[in-house]
Amino acid sequence: MTEQAKPASSRAKQDEALLAYKGVWVSIELERGHVHPVSWELIGKGRQLADTLGVPLSGILLAPPDAPIQETVADAHAYGADTVYVMADPILAEYRTQPYAKGMVDLIKKYQPEILLIGATTLGRDLASAVATDMETGLTADCTELDIDLSTRSMAATRPTFGGTLLCTIHTLKARPQMATVRPRVMPMPEHQQGRTGETIMAKLEIAEDDIITKVLSFIPDRDQDTAQLAFADYIVAGGRGLGKLENFQLLRDLADVLGAEIGCTRPIVQAGGMTIDHQIGQTGKTIRPKLYIAAGISGAIQHRVGVEGADCIIAINADPNAPIFDFAHYGIVGDALTILPALTDAFRRRLAAGQAGR
Amino acid sequence: MHVIVCIKQVPDSAQIRVHPVTNTIMRQGVPTIINPYDLFALEEALKLKDRFGAKVTVITMGPPMADQALRKALTFGCDDAILLSDRVFAGADTLATSYALASAIAKIGETQPFDLVFCGKQTIDGDTAQVGPGIAKRLGLNQLTYVWKIESLDINAREIVVQRRAEGGVQTLKTALPALITMLEDTNEIRFGTMDDAFRAARTELTLWNAAAAGVTDPSKCGLKGSPTQVKKVFAPPPRAVKATQIKGDSPAANAEHVIDALFSAHPGMQDDLRARTTQNP
Chain Z
1 MTEQAKPASS RAKQDEALLA YKGVWVSIEL ERGHVHPVSW ELIGKGRQLA DTLGVPLSGI
61 LLAPPDAPIQ ETVADAHAYG ADTVYVMADP ILAEYRTQPY AKGMVDLIKK YQPEILLIGA
121 TTLGRDLASA VATDMETGLT ADCTELDIDL STRSMAATRP TFGGTLLCTI HTLKARPQMA
181 TVRPRVMPMP EHQQGRTGET IMAKLEIAED DIITKVLSFI PDRDQDTAQL AFADYIVAGG
241 RGLGKLENFQ LLRDLADVLG AEIGCTRPIV QAGGMTIDHQ IGQTGKTIRP KLYIAAGISG
301 AIQHRVGVEG ADCIIAINAD PNAPIFDFAH YGIVGDALTI LPALTDAFRR RLAAGQAGR
Chain G
1001 MHVIVCIKQV PDSAQIRVHP VTNTIMRQGV PTIINPYDLF ALEEALKLKD RFGAKVTVIT
1061 MGPPMADQAL RKALTFGCDD AILLSDRVFA GADTLATSYA LASAIAKIGE TQPFDLVFCG
1121 KQTIDGDTAQ VGPGIAKRLG LNQLTYVWKI ESLDINAREI VVQRRAEGGV QTLKTALPAL
1181 ITMLEDTNEI RFGTMDDAFR AARTELTLWN AAAAGVTDPS KCGLKGSPTQ VKKVFAPPPR
1241 AVKATQIKGD SPAANAEHVI DALFSAHPGM QDDLRARTTQ NP
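Protein chains in written order, with the numbering used here: chain Z, 1 to 359; chain G, 1001 to 1282.
One or more hints might be untrue.
[To be verified] These stretches of chain Z come out as covered by chain G in the derived footprint (C-beta under 8 Å, 3 or more residues):
1) 64-73
2) 119-126
[To be verified] Cross-link-like lysine-lysine pairs, in silico, DSS-like; alpha carbons within 27 Å at most:
3) G:Lys1232 <-> Z:Lys22
4) Z:Lys215 <-> G:Lys1174
5) G:Lys1221 <-> Z:Lys174
6) Z:Lys174 <-> G:Lys1225
7) G:Lys1149 <-> G:Lys1221
8) Z:Lys110 <-> G:Lys1221
9) Z:Lys204 <-> G:Lys1174
10) Z:Lys215 <-> G:Lys1072
11) G:Lys1149 <-> G:Lys1047
12) Z:Lys204 <-> Z:Lys22
13) Z:Lys215 <-> G:Lys1248
14) G:Lys1233 <-> Z:Lys174
15) Z:Lys13 <-> G:Lys1232
16) Z:Lys109 <-> G:Lys1225
17) G:Lys1221 <-> Z:Lys13
18) Z:Lys291 <-> G:Lys1243
19) G:Lys1232 <-> Z:Lys174
20) G:Lys1221 <-> Z:Lys22
21) Z:Lys22 <-> G:Lys1225
22) G:Lys1055 <-> G:Lys1149
23) Z:Lys13 <-> Z:Lys109
24) G:Lys1233 <-> Z:Lys22
25) G:Lys1072 <-> G:Lys1149
26) Z:Lys291 <-> G:Lys1248
27) Z:Lys13 <-> G:Lys1225
28) G:Lys1221 <-> Z:Lys109
[Stated by the list, open to error] Here's a subset of chain G near chain Z, in silico, CB distances under 10 Å, partners left out:
29) Ile1016
30) Val1088
31) Asp1127
32) Gly1132
33) Ala1166
34) Val1170
35) Ala1179
36) Glu1185
37) Gln1230
38) Val1234
39) Gly1249
40) Asp1273
Hints are computed from structural coordinates only; laboratory data are not their basis. Note that CB positions come from ideal geometry on N, CA and C, so glycine has one too.
Whole structure, please, built from the sequences with the hints as guidance.
So this is what it looks like as structure tokens:
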């Protein structure tokens, strides 16, 4: 009997320690003067979670002092944050794991939030992993749904797994904060409520430049690169074997030019020497998450499907009405891509021309 | 120079099926492969073997059958292979996995100090990208994620310069060894090993470590027990209610107009978004 009593009491003690963690936090990613939109999407979702739990919602902002901090804090309040914790230090000018993780961990230890949400960006995923390991807490990656399970007062974080074949719902019951990174553009943008205000708490970053081993030598923005950036592109057009001869890929390039889109292809096209491997989309190539994906002459085998399912909208053009791509595309055009692509290029060019009545 | 590469044996996700009634993964008969993202880490390590004569040790945690992945890695030209296998590791989430791997890597380092640890960007079954940074944090290695190029490596000065994918661009970072690199996809292409490597792979005795041999000091931090996250539910995504909306115009031009109408009405901001992009970058 006494053997049983012991773990029970230590569990009670653990629960008590967990209960000290209160409130929902959202990391606000401010880089090069711009807030990543996923931060506001998370303020929106975080507001719902905080209201369900009956706790405040806070933003945390790590940035250099010359960044637009005041505007960002005002925006965070307007989108729904009650409090914003700000750490401003020149060390934070360029993202590096060590100082950002140190700043965030120090804030967590001092103020003890029960939930911490971070955008599943390259920065967010790098940072979240370091912070969660330091806190020895649970981190659920790349979530697409968040909810509160009131019976355990825990966050139910749902994420795709096995390349989107399955979804799983994950809880962190015995550690705090409960952490999640969340996919951009999954949660809706909250309303920007003019005049909504809140509290700002300044904190100091307790690390000196001399203690940071990693140095940033340069940063080259994407627009100055000439290699394909498919994994990060918002608009992508791609072609497969259905386009026939490799010369026909010019039709794809014409459409891409009009949309300012990146170009991709399937594995057979790379194997045939039509494009370099950095253009390949699918299981053995890039996983893409654009706002719009136009697939021409692509049948949509499972290897391709797992790479493109994260697209907000898929338009498929294929001559075969039974092609599997029509099972997961949003819009399908059955027909010859060689005639439809030029028609699409023309139509988009006209609609996007300046002066054309928009909405 | 000594580099350690962490790999994972995963089910080939292209062949995964979900049981229609129980909603569980049907693993039976699904072939396993080396996580495709890990191949870029392996190749980058082998390039250091070419250039500097680095010794390449490959390590994985998994069931006994994960030895297949290690043997495959040896055929590419890796020198040593270590399999971490123990019942206490079963059911590990990323935090418990990084604990076990970090313990084993520290153990390797006791007799064979290392300069770099490589991981793939993420796995295709978990997609978390968390284990690499977890190992870095635990071992105090300088963390370099999403690396697409090693620009320079000075083993005497103990310095490495890499280009990595950052938000909206490419960052060039300089840091000190030992460091942990997670390699971005499409940065290289895994070699076919030589015949010698193939023969050696077949003959090589893999090192098999259980938790104790791997230097795990706290088994309660391993496996299901040491995992703060708990999977409550696994389910198949609801099938799309309808298949693709078929656009049926009587000409290519009509099809184009109809699909753009549908697109812009379902995604109201898109027309302005596209306009802003194309005027910015004519």
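Given the proposed pairing of G:Lys1221 with Z:Lys22, does the C-alpha separation stay at or below 27 Å? This hinted pair holds, its Cα atoms lying about 25 Å apart.
Proposed proximity, G:Lys1225 with Z:Lys109 (alpha carbon, max 27 Å): Holds. Z:Lys109 to G:Lys1225 sits at ~24 Å (cutoff 27 Å).
Does Z:Lys174 sit within 27 Å of G:Lys1232, going by the straight-line distance between their CA atoms? holds, 14 Å
Given the proposed pairing of Z:Lys110 with G:Lys1221, does the C-alpha separation stay at or below 27 Å? holds, 25 Å
Next pair to validate is G:Lys1072 with G:Lys1149; report whether the Cα-Cα distance is within 27 Å. holds, 24 Å
Per-residue hint verdict: G:Asp1127, partner chain Z, C-beta under 10 Å: holds, 6 Å
Keeping to a limit of 27 Å between CA atoms, is the pair of Z:Lys215 and G:Lys1248 held or broken? The given pair, whose Cα atoms are some 56 Å apart, is violated under the 27 Å limit.
So, G:Ala1179 near chain Z? Judge it on the closest CB pair being under 10 Å. Nearest chain Z Cβ about 9 Å off; hint holds.
Does G:Lys1232 pair with Z:Lys22 here, judged by a C-alpha cut-off of 27 Å? Satisfied, since the Cα-Cα distance of roughly 23 Å is no more than 27 Å.
Z:Lys13 and Z:Lys109 were given as a pair; does the straight-line alpha-carbon distance stay at or below 27 Å? Distance of about 18 Å is within 27 Å: holds.
Hint consistency between Z:Lys22 and G:Lys1225 [alpha-carbon to alpha-carbon, up to 27 Å]: Holds - the C-alpha atoms of G:Lys1225 and Z:Lys22 are around 25 Å apart, at most 27 Å.
With 10 Å as the cut and Cβ atoms as the points, is G:Asp1273 at the interface with chain Z? holds, 7 Å
Hint compliance for this structure: hints 1, 7, 10, 13, 30 are not met, and every other hint is.
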